[in-house]
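Assemble the whole structure, with the sequences as input and the hints as a guide.
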Amino acid sequence: MTHRFRPIFAFVALIALPFGAAQSQIADRAPDTMAARVLACASCHGAEGEGTSDVYFPRLAGKPAGYLYNQLVAFRDGRRKYPPMNYLLEFLPDAYLKEIATYFASLRPPFAAPAIPTVSGEILARGESLVKNGDPQHGIPACSGCHNPGFTGMEPAIPGLLGLRASYISAQLGGWRYGTRTAAAPDCMQIVASLLTEDDVKAVAAYLSSRSAPTDPSFAPRGSLPMPLACGSEPN
Amino acid sequence: MPRPVKTLLFALALALLASAPRAMAQQKPVDAALLAKGEYLARAGDCIACHTAREGKLFAGGLPMVTPFGTLYTSNITPDQQTGIGIWTSDQFFKMMHNGRFSDGGLVYPAMPFASYTKMTREDSDAIFAYLRSIPPVKKINTPHDLSFPYNNRSLIIGWRTLFFREGEYKPDPTKSADWNRGAYLVEGLGHCGMCHTAINALGGSSESQAFEGGLIPMQNWYAPSLTSNKEAGLGDWSIEEISDLLRTGVSSRGVVYGPMAEVVYNSLQYLNDDDTRAMAVYLKSLAQGTSPEKPAVPLPSAESSLLLSFGKSIYDRECAGCHGAAGLGMPPHYPPLAGNPSIQMVSAVNAIRMVLNGGYPPGTAGNPKPYGMPPFAQRLSDDEVAAVVTYIRTSWGNRGEPVSARQANELRAATLN
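Which chain is which? The protein sequence lines are P and Z, in order.
Using this note's numbering, you'd call the opening residue of the first sequence number 15 and step up by one each time.
Using this note's numbering, you'd call the opening residue of the second sequence number 15 and step up by one each time.
Among the hints, erroneous ones may be present.
Subject to a maximum C-alpha distance of 20 Å in a straight line, what follows is the list of computed DMTMM-like cross-link-like pairs (lysine to aspartate or glutamate) [to be verified]: (1) P:K95 / Z:E277; (2) P:K112 / Z:E69; (3) Z:K71 / P:D108; (4) Z:K153 / Z:E69; (5) Z:K190 / Z:E202.
Output of the computed footprint for chain P on chain Z, the stretches with three or more beta carbons under 8 Å from beta carbons of chain P [claimed, not checked]: (6) 49–55; (7) 276–282; (8) 375–388; (9) 391–397.
Everything labelled a hint here was simulated from the structure, so no lab data went into it.
Just so it is clear, CB atoms sit at the ideal spot from N, CA and C, and this is done for glycine as well.
Structure below.
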């Protein structure tokens, strides 16, 4: 992790130098950048929100700002529960959370290499089928219906699904199934997740985490996909 | 919250105007200046912090307050007739604020800081009451408290009151300035600073003789530093401007607020006007006058602790020096100085350890809307590493704190975060 900070510090040193030379008596100031302000996020999410080696900490970069903002508010207000996040955000106002969300949404660091699947080809095929076609017999819509066929998400608030580890994806789907993760009503993901079996979750997580980086990481424009369900967090 | 409240007041004023001719005849006109004063004082008293639940309606209560004696749930103080304080009179409200008793004589649990609010004037109590009457009523039945035996017996409060409660309005000290007296009124009364900054004993009370001498906040595992000792958060050698900055914006050139104090700045202190902020600063500074930092016995260096120090320095240079500087000078106000920072050298190392483990953001305030965050290191550093780096920070650059152990670091990993 440390080596990821170094470029930032080198940069800080560079911009600080001219001031230091001109006004040697005045102490350095923190750089007036978002990168410096959100350094608190970097130790778990990476310096550019690319994620870290910890499989439970998700990539943030390039997810739609509305999605990231909803999550920041949900963590701050305790709706989404993860104590280290709840603690960090507790006293940050909406306007600043919006700016943090917009910042991470604008970043495009490279994706890490996709996971090599540890499940059978059969499970992987089940995952691919669920993700692309859903399971009409059980009323399960395809992920691509809302998250876009390239899985890069849709503005303003539907996240991309690539660059995430299987453990994170299955933990989130599990959280929705059991009601520990919720979103504004109607909570479409709670409906979808409650239709999935544990094997479905495993298959979807294995398939999505094995996908390589999208060639075009941009998200679908607002309202461009006919969503099969109404979602409180994605107003049309 | 201030904006919705203001909008609300505006809407209310409009509504009153619209229905003026007939309504005015039946009910007393609402005095806008009185409501504004009441709202301001409710801010100064930080009522919202406890009486508004997460994602809950303004002042509708229901926030769980975990105490060593069980869980209390805050009450609905909106003007709803059945579930709030809609049928209360200003006399009843004053009796509760001033004396800690309900109108039927029932005793209020001292989690409600009536032992501080008792210092408030009747006039200020009436203003807060008028403001609370003006907010939208919310129908929400109070959640019953969940206290363990014997604390579920309210008559025990009589004992607590005998020991710890001194009823009485604040009496100005004629030998002190108007600023000082106003500051004392706010700090000791509405601000109820003593609830955290005076040690709480096993009976859940604060001793008057130890006022503002600091203490560990029960259940939260943050240490509220002494406001009287310059070795802790005593502000004797801070300028009035530095203290005012800290109270109003959450950051200053001397230090930054995190944890429970960030809550106070976020919900309450940032809304105070310049005169009141300054008055509090004058009073707080005076609390520490006359005390000077003692020369502590520095137990270092033995062979073992110098090994700890060089290990700590290597971690510091790698992880911390980028912002706080190799010499611990920081880049104030956003990267606070560590050298000479009293909150790092206190006898209790709890806050320093927790900052390394959990990191933190100062509150986002009008004066500092985009604060800089300290990264958490709990997931990156082992207990030994945390102990080493905290020991290094507490004992370097002239700092005179004592070393901390890996065990202390480990215990605080389980501290409640939120």
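So, going through the hints one by one against the coordinates:
1. Our distance criterion of 20 Å between C-alpha atoms is met by K95 (chain P) and E277 (chain Z), whose separation comes to about 19 Å.
2. At roughly 18 Å between alpha-carbon atoms, K112 (chain P) and E69 (chain Z) fall within 20 Å of each other, so this suggested pair holds.
3. Taking the CA atoms of K71 (chain Z) and D108 (chain P), the gap is near 17 Å; set against the 20 Å cutoff, the hint holds.
4. Distance restraint check for K153 (chain Z) and E69 (chain Z): the Cα-Cα separation of roughly 16 Å lies within the 20 Å cut-off, and the hinted pair is therefore satisfied.
5. Restraint check for K190 (chain Z) and E202 (chain Z): satisfied, since their Cα atoms lie roughly 15 Å apart, inside the 20 Å limit.
6. Remark: the segment 49–55 of chain Z is not confirmed as covered by chain P, as 0 of its residues place a Cβ nearer than 8 Å to a Cβ of that chain, below the required three.
7. With 4 residues having a Cβ less than 8 Å from any Cβ of chain P, the segment 276–282 of chain Z passes the three-residue criterion, so the hint holds.
8. Figure legend: the segment 375–388 of chain Z, annotated as covered by chain P; annotation consistent (10 residues with Cβ-Cβ distances under 8 Å, at least 3 required).
9. With 4 residues having a Cβ less than 8 Å from any Cβ of chain P, the segment 391–397 of chain Z passes the three-residue criterion, so the hint holds.
The earlier numbered hint that this structure contradicts is number 6, and it is the only one.
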